[in-house]
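K.L.:
Can you build the whole structure from these sequences, using the hints too?
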Amino acid sequence: MPAPYRAARLGGSRHPRIAADADGSLTISSSEALGDYPARLTDRLARWAEICPERTLAAKRDAAGAWRHLSYREALAQARAIAEALIIRRLSPERPVMVVSGNDLEHLALMLGAMWAGVPYAPVSPAYSLISEDFAKLKHIFGTLTPGLVFASDGDAYRKALAAVVPDGVEIALANGGLGEAVGVLGDLVAIIAAAVAYLMMSRGPSRSFGRNSQLV
Numbered sequence: 012m013p014a015p016y017r018a019a020r021l022g023g024s025r026h027p028r029i030a031a032d033a034d035g036s037l038t039i040s041s042s043e044a045l046g047d048y049p050a051r052l053t054d055r056l057a058r059w060a061e062i063c064p065e066r067t068l069a070a071k072r073d074a075a076g077a078w079r080h081l082s083y084r085e086a087l088a089q090a091r092a093i094a095e096a097l098i099i100r101r102l103s104p105e106r107p108v109m110v111v112s113g114n115d116l117e118h119l120a121l122m123l124g125a126m127w128a129g130v131p132y133a134p135v136s137p138a139y140s141l142i143s144e145d146f147a148k149l150k151h152i153f154g155t156l157t158p159g160l161v162f163a164s165d166g167d168a169y170r171k172a173l174a175a176v177v178p179d180g181v182e183i184a185l186a187n188g189g190l191g192e193a194v195g196v197l198g199d200l201v202a203i204i205a206a207a208v209a210y211l212m213m214s215r216g217p218s219r220s221f222g223r224n225s226q227l228v
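In our numbering, the protein residues as written are 12 to 228.
Heads up, a few of these hints could be off.
Stated by the list, open to error - Capping the alpha-carbon separation at 30 Å, the derived lysine-lysine pairs in DSS-like fashion look like this:
#: 1; residue 1: Lys71; residue 2: Lys171
#: 2; residue 1: Lys171; residue 2: Lys148
#: 3; residue 1: Lys150; residue 2: Lys171
Claimed, not checked - Restraint-style ranges between C-beta atoms, simulated for each label pair:
#: 4; residue 1: Ala31; residue 2: Ile99; range: 51 to 57 Å
#: 5; residue 1: Glu105; residue 2: Asp54; range: 23 to 29 Å
#: 6; residue 1: Pro13; residue 2: Cys63; range: 24 to 30 Å
#: 7; residue 1: Ile142; residue 2: Gly188; range: 16 to 22 Å
#: 8; residue 1: His26; residue 2: Asn187; range: 44 to 50 Å
#: 9; residue 1: Ala14; residue 2: Ala69; range: 18 to 24 Å
#: 10; residue 1: Asp47; residue 2: Lys150; range: 38 to 44 Å
#: 11; residue 1: Thr38; residue 2: Cys63; range: 38 to 44 Å
#: 12; residue 1: Pro13; residue 2: Ile142; range: 35 to 41 Å
#: 13; residue 1: Arg17; residue 2: Arg84; range: 22 to 28 Å
#: 14; residue 1: Thr38; residue 2: Glu61; range: 36 to 42 Å
#: 15; residue 1: Arg17; residue 2: Ile39; range: 26 to 32 Å
#: 16; residue 1: Gly35; residue 2: Ala70; range: 45 to 51 Å
The hints are simulated quantities; they were obtained by calculation from the structure and are not laboratory data.
Keep in mind that this is a model prediction, so the values were computed, not measured.
Built from N, CA and C at the ideal position, the CB exists for glycine as well.
P.N.:
Structure (structure tokens):
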């Protein structure tokens, strides 16, 4: 039996405005007026944690195949706790959070915590740590961002990259695994959980004029 589909309202840009400029470029804009929006992205998290605290915000299967659910209430509590930990560490736009692993619930919690604290965070492609042999791109990004904390979901999988790139004195937070003594000061995300820039994205632009990576805010 086919799974039922939920009706979804589509809006905005089905009839965009298109203007041709003298140089041949096209400017495309939405014909729908911009509606109200929150001053901070985390305002929505707080709102839904109040309205439906036990509703699932995100879920992921664990190694055994069982679902791990993160409710709005849990996400808000984790975001506040992580935000406090980041503020204590005096992280800032000059010392942001850098994430080298992929999407998971811990990554989401750290992202929300960073936004709650007003500390920029930058997710980096896992391929720069897991596939690269010289870690050149990862080193370039690290030098550009100068992070004060680096997060990886699995210390065992990311040990080599972290040892090659992260110097002593820069804290590392892990969700699982360990690093032995390969790197300096270590943190533990599990322990952290018990009008600012929110997001830094490193993009590989199509033009060589942008160099290795372009930093988008």
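K.L.:
Work down the list of hints and note, for each, if the structure agrees.
P.N.:
Structure-based check of each hint:
1. Lys71 x Lys171: Holds: Lys71 and Lys171 sit about 26 Å apart, inside 30 Å.
2. Lys171 x Lys148: Holds, at about 15 Å.
3. Lys150 x Lys171: holds (13 Å)
4. Ala31 x Ile99: 51 to 57 Å: holds (53 Å)
5. Glu105 x Asp54: 23 to 29 Å: Holds, at about 26 Å.
6. Pro13 x Cys63: 24 to 30 Å: holds (28 Å)
7. Ile142 x Gly188: 16 to 22 Å: holds (18 Å)
8. His26 x Asn187: 44 to 50 Å: holds (48 Å)
9. Ala14 x Ala69: 18 to 24 Å: holds (20 Å)
10. Asp47 x Lys150: 38 to 44 Å: Between Asp47 and Lys150, where Cβ atoms are some 43 Å apart, the hint holds.
11. Thr38 x Cys63: 38 to 44 Å: holds (40 Å)
12. Pro13 x Ile142: 35 to 41 Å: holds (39 Å)
13. Arg17 x Arg84: 22 to 28 Å: The hinted range 22 to 28 Å holds for Arg17 and Arg84, with Cβ atoms some 24 Å apart.
14. Thr38 x Glu61: 36 to 42 Å: holds (40 Å)
15. Arg17 x Ile39: 26 to 32 Å: holds (29 Å)
16. Gly35 x Ala70: 45 to 51 Å: holds (47 Å)
Hint compliance for this structure: no hint is broken.
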